[in-house]
Amino acid sequence: MQGMESQLGGAARRGFWLAVALAIFSLAAALFAPVAGVLQAVFYLAIAWGISRRQWWAALAGACQLLLAVVLSALHGGTAQPVSFAIAALFAVVCAYGWVRAAIELKGSER
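Note that the sequence shown ends on residue 91 in the numbering used here; no numbers are left out.
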């Protein structure tokens, strides 16, 4: 049986570890907002699990969730503090880009 590192390509491996890191950060945030932090951690762990099982749609779901959160935040007054919103939006776009690359890689290796 091969390890995950030998089965996944570079982008998918980075997407997996990104999801794990975001889950850890969400658990840390659960100290301040327990319900939201735990729910986010479960969501990110589900993404990591899906990527480790070579399911491209798991990475794409993570990217869509992050981008949707940025759009909804902007529509509901997230621009009250434009600098912090811009930093958070940039972080979300970079993470979403990583998951889109992972999804493309996984979709291509599916054939």
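Worth flagging that the hints you see were computed from the coordinates, not collected in a lab.
Glycine included, C-beta positions come from ideal geometry on N, C-alpha and C.
It cannot be assumed that every hint is accurate.
Label pairs and their computed distance ranges (CB to CB) [what the hints assert, rightly or not]:
id	residue 1	residue 2	range
1	-10	64	30 to 38 Å
2	-11	63	16 to 24 Å
3	56	19	31 to 39 Å
4	11	53	20 to 28 Å
5	63	33	32 to 40 Å
6	88	63	13 to 21 Å
7	66	13	30 to 38 Å
CB of residue 63 to CB of residue 33, is that within 32 to 40 Å?
Between residue 63 and residue 33, where Cβ atoms are some 39 Å apart, the hint holds.
Consistency of beta-carbon spacing, residue 63 to residue -11, with hint 16 to 24 Å:
violated (36 Å)
Status of the given 20 to 28 Å range, CB of residue 53 versus CB of residue 11:
holds (22 Å)
#### Entry: Verdict for residue 66, residue 13 (Cβ pair) under range 30 to 38 Å
violated (22 Å)
| Honestly, do residue -10 and residue 64 meet the 30 to 38 Å range at C-beta? | Holds, at about 32 Å.
*That 31 to 39 Å hint for residue 56 and residue 19 (C-beta), does it hold up?*
Cβ of residue 56 to Cβ of residue 19: about 19 Å, so the range 31 to 39 Å is violated.
Taking the CB of residue 88 and the CB of residue 63, does the distance hold inside 13 to 21 Å? violated (38 Å)
The structure fails hints 2, 3, 6, 7 (numbered hints given earlier, in ascending order).
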